[in-house]
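J.: Chains as they are written, first to last, in the working numbering: chain H, 1 to 312; chain A, 313 to 685.
If you're looking for bench data, these hints aren't it; they were derived computationally from the structure. Some hints here could point you the wrong way.
Cut-off 35 Å, straight-line C-alpha distance, at most; resulting in silico cross-link-like pairs (DSBU-like, lysine-lysine) [said to hold, decoys possible]:
| # | chain 1 | residue 1 | chain 2 | residue 2 |
| --- | --- | --- | --- | --- |
| 1 | A | K450 | A | K572 |
| 2 | A | K560 | H | K194 |
| 3 | H | K242 | A | K572 |
| 4 | A | K325 | H | K194 |
| 5 | H | K244 | A | K572 |
| 6 | A | K677 | H | K308 |
| 7 | A | K325 | A | K545 |
| 8 | A | K560 | H | K244 |
| 9 | A | K560 | H | K308 |
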Amino acid sequence: MIDNVALILGTTLMYSTPLIFTAMGGVISENSGVINIGLEGMMVIGAFTGATIGYFTGNPWIAFIGAGFAGAIFGLLHAIACVSFGANQVVSGIAINFLGPGLALFLSRIFFDGATMTLSINLDNKMPRPLSGVFSQDSFMYYFLGNRYATVYIALILVFLLWYVLYKTKLGLRIRAVGEHPTAADTLGIDVYKIRYLSVIFSGVFAGFGGAALSLAIVSNFRPTLVSGHGFIALAAMIFGKWKPQGALLACLLFGGAQGITVFLGQYDFKVSSQILSMIPYVLTMVILVGFVGRASAPAADGIPYDKEQKY
Amino acid sequence: MNKRKIYNFFSNKVFLFTLISILAGLIIGAVILLFAGFNPLRAYAIIISGVLGRFKYISYTIIKATPLILTGLSITFAFRTGLFNIGAEGQFIIGAITATAVGYFLHLPAIIHIPVVIISATIAAGLWGGIAGFLKAKFGVHEVISTIMLNWIALYFQNYLVYMDGFQKPGGETSYSIQPTASIKLFGEWKLSDAGFAWFNSNPFLRDLFKTPVNFGFLFAIVAAVIVWYILKHTTLGYKLRAVGFNKNAAEYGGINVSKSMIISMTIAGGLAGLAGAVQVMGVTHNVSLLAAMEGFGFDGIAVALIGNCTAIGSVFAGLLFGALKYGGTKIQPAMGAPSEIINIVIGTIVFFIAIPRMISLLIKRFSKKDRL
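Between the sequences and the hints, there should be enough to build the whole structure, so can you do that?
T.: Here it is, written out as structure tokens:
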């Protein structure tokens, strides 16, 4: 029984990880005042880049960083549109969601001989499990925390770091100021454009990491259905978590947990259909949103392009 | 007078920007093809001849475009009320499964069966869309999250139904097919009969055309577009919905019930996406099958709505463009080995440029300055 609990908690962490990375991308972008619906597309390009570099170099770390870079390029694209040209941010995000999968599959066909699925990474070259030797096998901690891919720990550290940066440092204060009231921030000498560029590019980096956490750890290749909606769920988790890193983390764990339970119950000949079980996290989210969280509270300037020259 | 109108239409900024965006998408697509070592001119030539070359191709293009026009209309409608309907995907699914169930379980003469299927699918999907509107109006739940959740619930619901006893076709991962009386395919049965076969063989042109699953779906899409245009432009309801879209607070102050408007708007949007699902089932697939991932009709509809500048007529043309690119794009793969995904890149680029009108007007200014020099 205790082993089962540990296993469920462990799988929860595993399935939450890609969502946590991507949701942090949403948190940083939207706190600076730029809506990022393109997380899905950034995740796809990250997953593809990670799997491809991982396959060709055999080094998961180079692959992971490469995925972050690929995400950053799409983040930059989104930033150019939204920050420099005052684009409709939702529309630009939708464009990213077409460009990301389009480019990923296009390149996949070129690198892998016309296949939309990349070749599998050698199992030794996947993300390592650095703590698997720390706890004795078959112990609670081993199943829960020990036997996990490195991406799990990195994601948790990232949440803490982002929380620290946003709420305890000058940079974080600037990011939030730019997201709440860019004109006031500008008056105080903060470069609104620079802060937003930085935030949106990092948003792409985190989403790229999220994609790689799928293709380098949970599975070992990229395929067209791999990401399918994870980016949107991360977006929902970010809103659900009220635009805060810690809140988004909890929301991601909820989704991951439901997935973990579904996988766990799937091992048994359970009476309830697995399709119904899969619905539960989504139904639960809606119920919680209606009952407990109430009205969403986005940063005040979220989604509003900032134009320095505009007179008030 | 009429000439003046036409001139105004073409010199319209929005129309011009859309054309420039489409051009930019095609140019970027060409550059990427060039970098990947393919001849872009040849690729585009293959796409054009693959879309317009034969009547069969045109027919296929229209069939591909039909559900996209309808989901595009769905998103357009919600957009005009200031709501972002990401849920067309799920509403499409609800429409498709309702159409399949009503089409399979009921036994009625075609003249009654077809309208019953269409109406029930539209209503079911409308209610599904209405949930998001209701949650937004009553509880302030952001429609983007609730529709994302509803999409996944709908997807798993379809998979649940496909595996249900009495609905699942034995030995397959699909449901039973709808009764022939619920089909909107033209000459669906007769085409396969001996008499039909012989008749089509003597008419090569018609044979070519009717080899495709030609159906009435496109007519439904056109009628829906006209209805959407009429509601938005010429009715009090449309005026109210658009007022809420322009400025929620001003609309409320002016005595418009904002909550009610949101629910109505999402319900109609849901119904339109559901109609897309119904038309796809009745005209093309005749059943629903297990879904591993979202099919994308709803997401493609977002691009259609945006390229069509969120107007009813725009959605029809954008849907046709999208359908043509999607169908024509599949042909460059076998012909020259170029990945057909280039189409998604082209579409993405078009949408990207549509998002940044300011950049386009800068470009225009720069070019027109040069002209003056």
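J.: Would you mind confirming whether the straight-line C-alpha gap from K560 of chain A to K244 of chain H stays at or under 35 Å?
T.: holds, 27 Å
J.: Can you confirm whether the C-alpha distance between K325 of chain A and K194 of chain H stays at or below 35 Å?
T.: It holds: about 31 Å lies between the C-alpha atoms, which stays within 35 Å.
J.: For the pair supplied as a hint, K560 of chain A and K194 of chain H, confirm whether the alpha-carbon distance does not exceed 35 Å.
T.: holds, 32 Å
J.: Check whether the Cα positions of K325 of chain A and K545 of chain A lie no farther apart than 35 Å.
T.: Distance ~20 Å between K325 of chain A and K545 of chain A Cα, so the pair holds.
J.: Hint check: K560 of chain A vs K308 of chain H, CA-CA at most 35 Å. Holds or violated?
T.: Holds: K560 of chain A and K308 of chain H sit about 26 Å apart, inside 35 Å.
J.: Check whether the Cα positions of K450 of chain A and K572 of chain A lie no farther apart than 35 Å.
T.: Holds - the C-alpha atoms of K572 of chain A and K450 of chain A are around 10 Å apart, at most 35 Å.
J.: Take the C-alpha atoms of K244 of chain H and K572 of chain A, compute the straight-line distance between them, and say whether it is at most 35 Å.
T.: Holds, because 31 Å separates the two Cα atoms, which is no more than 35 Å.
J.: Checking one constraint from the list: CA of K677 of chain A to CA of K308 of chain H, max 35 Å. Satisfied?
T.: Distance of about 20 Å is within 35 Å: holds.
J.: Are the Cα atoms of K242 of chain H and K572 of chain A separated by 35 Å or less?
T.: holds, 26 Å
This entry satisfies every hint, going by the numbered hints stated previously.
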